[in-house]
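Those protein sequences? They're chains A and B, same order as listed.
Taking my numbering, the leading residue of the first sequence gets 1, the next gets one more, and so forth.
Taking my numbering, the leading residue of the second sequence gets 333, the next gets one more, and so forth.
For the record, the hints were derived by calculation from the structure and aren't laboratory data.
Keep in mind that a hint or two might mislead.
Below, a list of computed lysine-lysine pairs in the DSSO-like style, where the Cα atoms sit at most 30 Å apart [what the hints assert, rightly or not]: (1) K8(A) to K518(B); (2) K367(B) to K351(B); (3) K131(A) to K351(B); (4) K343(B) to K364(B).
Covered stretches of chain A (in silico footprint by chain B; criterion: 3 or more residues with CB under 8 Å from a CB of chain B, positions within the stretch not fixed) [what the hints assert, rightly or not]: (5) 55 to 67; (6) 78 to 91; (7) 95 to 101; (8) 270 to 280.
We treat Cβ as the ideally placed atom computed from N, Cα and C, and that holds for glycine.
Each chain, letter by letter, is given below.
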Amino acid sequence: MKKSYVIKRILYSIFVFGIVMTLNFFIPRIGVEDPAERYYPPQGNMSDIEYEIIKQVTRQQYGFDVSTWQQYLNYLTGLMEGNLGTSFRSGSPAVTDLIVDRLPWTLVLSVSTLLIGLIAGILFGVIAAMKRGRWQDTTLLNASTIMVALPGFFIALILSFYLGFEFEIFPAYTDPNMVSNFDWSLSAIQTVAENAALPVLSMAVGSIIGYAQGTRNAVIAVTNEDFILTAKAKGLKQNTIRYKHTLRNSMLPIVTSLGMSISGLIGGQVVIEQIFNWNGMGTLFLEANNMNDYPLMMGIMLLLSGFTILAILITDLIYVLLDPRVTVGDKR
Amino acid sequence: MKKLPLGKRLKQGVIKRIKGIGLFFKRVWSHKQGKIGLTVVAILVFVAVFAPYIAPFDPYDVADRTLKGLPPSRTHLLGTTINTGQDIFSMLIYGTRVSLIVGVTSGISIAIVGSILGVMAGYIGGAVDSLIMRIVDVMLVIPTLPLVIVLTNVFGRDYWIIIIIFVALGWTGLSRTIRSLVLVLKNSNYVKAAELAGASRWHIMIRHILPGTSHLLIMSTALSSAGIMVAEAGLSFLGLGDPTAISWGKMLADAQGGGALLFGAWWWIFAPGVGIFLAVFSFMRIGIVMEEIMNPRMKQTSSVYKVFKNLNSRYIEEVFISMDDHQKIGVDTTKTVEES
Numbered sequence: 001m002k003k004s005y006v007i008k009r010i011l012y013s014i015f016v017f018g019i020v021m022t023l024n025f026f027i028p029r030i031g032v033e034d035p036a037e038r039y040y041p042p043q044g045n046m047s048d049i050e051y052e053i054i055k056q057v058t059r060q061q062y063g064f065d066v067s068t069w070q071q072y073l074n075y076l077t078g079l080m081e082g083n084l085g086t087s088f089r090s091g092s093p094a095v096t097d098l099i100v101d102r103l104p105w106t107l108v109l110s111v112s113t114l115l116i117g118l119i120a121g122i123l124f125g126v127i128a129a130m131k132r133g134r135w136q137d138t139t140l141l142n143a144s145t146i147m148v149a150l151p152g153f154f155i156a157l158i159l160s161f162y163l164g165f166e167f168e169i170f171p172a173y174t175d176p177n178m179v180s181n182f183d184w185s186l187s188a189i190q191t192v193a194e195n196a197a198l199p200v201l202s203m204a205v206g207s208i209i210g211y212a213q214g215t216r217n218a219v220i221a222v223t224n225e226d227f228i229l230t231a232k233a234k235g236l237k238q239n240t241i242r243y244k245h246t247l248r249n250s251m252l253p254i255v256t257s258l259g260m261s262i263s264g265l266i267g268g269q270v271v272i273e274q275i276f277n278w279n280g281m282g283t284l285f286l287e288a289n290n291m292n293d294y295p296l297m298m299g300i301m302l303l304l305s306g307f308t309i310l311a312i313l314i315t316d317l318i319y320v321l322l323d324p325r326v327t328v329g330d331k332r
Numbered sequence: 333m334k335k336l337p338l339g340k341r342l343k344q345g346v347i348k349r350i351k352g353i354g355l356f357f358k359r360v361w362s363h364k365q366g367k368i369g370l371t372v373v374a375i376l377v378f379v380a381v382f383a384p385y386i387a388p389f390d391p392y393d394v395a396d397r398t399l400k401g402l403p404p405s406r407t408h409l410l411g412t413t414i415n416t417g418q419d420i421f422s423m424l425i426y427g428t429r430v431s432l433i434v435g436v437t438s439g440i441s442i443a444i445v446g447s448i449l450g451v452m453a454g455y456i457g458g459a460v461d462s463l464i465m466r467i468v469d470v471m472l473v474i475p476t477l478p479l480v481i482v483l484t485n486v487f488g489r490d491y492w493i494i495i496i497i498f499v500a501l502g503w504t505g506l507s508r509t510i511r512s513l514v515l516v517l518k519n520s521n522y523v524k525a526a527e528l529a530g531a532s533r534w535h536i537m538i539r540h541i542l543p544g545t546s547h548l549l550i551m552s553t554a555l556s557s558a559g560i561m562v563a564e565a566g567l568s569f570l571g572l573g574d575p576t577a578i579s580w581g582k583m584l585a586d587a588q589g590g591g592a593l594l595f596g597a598w599w600w601i602f603a604p605g606v607g608i609f610l611a612v613f614s615f616m617r618i619g620i621v622m623e624e625i626m627n628p629r630m631k632q633t634s635s636v637y638k639v640f641k642n643l644n645s646r647y648i649e650e651v652f653i654s655m656d657d658h659q660k661i662g663v664d665t666t667k668t669v670e671e672s
């Protein structure tokens, strides 16, 4: 029963990824007859013949001189080999190389944000649920009421203003030499941690409060369920009820929302990286956007969508593992 | 039954709608949070409409170089910018227009598109249902902000294009929620009765099912307007909004680029930020009050809906979706049991 669900779920994810791949190929080709025009938009001071020559060169350079279907097939076979295309940047670097250079730096931010958000959020949420109605709970409620309406980039600006410029606790801009000087030595890791502090903090504030409120509400909802009453009536120990029954069941909505929140996290990170000048995929994406570098933009989009699909798939599978109704049914 | 002439029917319909809208305001007003939300929204609308009369200075005026970087004072209520000497209070007032127009227009359009597609998916079912739901699944995995950036690059940066893009990407969560509600309504007695009486599919969808989702629609309009105001501010902040207009996001971007952080011009950062906060906060309050009216159970502690109440706006739709997924897993497992 569980196995067939898992297989079905994986096949469906692959199907969704296939559609995303196709969209990625066609979006830059909307509205133009020739993808070369995207690379080199027509400019006023250029004669038609000159423009035609430039387009001709571009077409040959990037393989736009065959039919669209042939281009699509080339794109798909390229993807199978892990080749996301050639960037429009000078020197025509491979998109894959550009992304691989930046990927670890982006992951540093998102993974630490996610971990801090989850750990602190669940902790605060459980505390608030246990101290229901007391100051811990009301503080959380008020904080989350305000937090939902504050955009992440405004929080980032405020933190950068006070912690970065006024009190100079953390660097407000990422050290431009951080990436080139990184050599796994202790001092290099310390530099990264210092530079990452503000970006991570500004993203984590929102997710800590979001997860805390979610956990708190889920725990309270579960506490009022009938099976908790049954467990109490059976005379189970307080701790057994708390950890084995209440907490386990209240993790379910958190886990399911996790996969979805990955996509929001990735989107928000584009802005945060820009504010702190962090050398990640977000800034790479904005650079690509400014240069009309479509292969690079679409490559990043494909990768981010792939991450999200994977995250949703994994959380769905964890959900099946966590849900006692499903696992217990399987054992029988 | 005797059919009334068209004019009279229209008049009755209009009266009914106006009464409905009045009732809606009354119900929202009866909650404390609703009062806050409605008041702030009313003030914002007033400010947006009469911006030229309220603003003490021309927000586009960069001519006077002596006014650079003044802190808040009696003449310049919120100070001036460091690099151009524009009056920030006036800019803030003009910025209300962009936020409200983009937010509310997209919010309403999302409600229209989302409800049509959701009702169709839920009621017609079959191929239509799976097509719409597959589109939703695909759109959910593509990160929104990067996709919006790509689309503005392809289609341009006018505000109406940005609104269309927001609507094209924003309907998915709502239509999924509406669909699950329609699946419940579909089996209700009055729909069955209408089917037996020989009413057409479209008649049932428009007259019987759509009204049943109206509370959800108003709630989603308020919440998605709030969400889109944040998204628009983010887009303008990245310098990718309409370059000709003054918006709060663009003000923040100017503040960052113009050295507000470096020179300690806190008023330049806080003014647009508080503007965004107030607009988003008030719309969200209205949405949340609608949610409470819709699910009175939510007030009591033992409801699952309590989980959604104060979650981050970004997660509200997603939690609804995960609820849907939850149901789907249940359905899937039972199906496989029957098969094996």
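Against the structure, the hints:
Only pairs whose Cα atoms come within 30 Å are accepted, and K8(A) paired with K518(B) is accepted, the gap being roughly 28 Å. Restraint check for K367(B) and K351(B): satisfied, since their Cα atoms lie roughly 19 Å apart, inside the 30 Å limit. At most 30 Å may separate the alpha-carbon atoms for a hinted pair to count; K131(A) and K351(B) exceed this at roughly 44 Å. Proposed proximity of K343(B) and K364(B) is contradicted: the alpha carbons are some 34 Å apart, above 30 Å.
As drawn, the stretch 55 to 67 of chain A meets chain B at 0 residues by the rule of a beta-carbon pair under 8 Å; below three, the given contact is violated. Using a Cβ-Cβ cut-off of 8 Å, 0 residues of the stretch 78 to 91 of chain A lie near chain B, which falls short of the minimum of three, so the contact claim is violated. Residues of the stretch 95 to 101 of chain A lying with their CB closer than 8 Å to a CB of chain B number 0, which falls below the three-residue condition for coverage. Look at the stretch 270 to 280 of chain A against chain B: 4 of its residues bring a Cβ nearer than 8 Å to a Cβ of that chain, three or more, so the hint holds.
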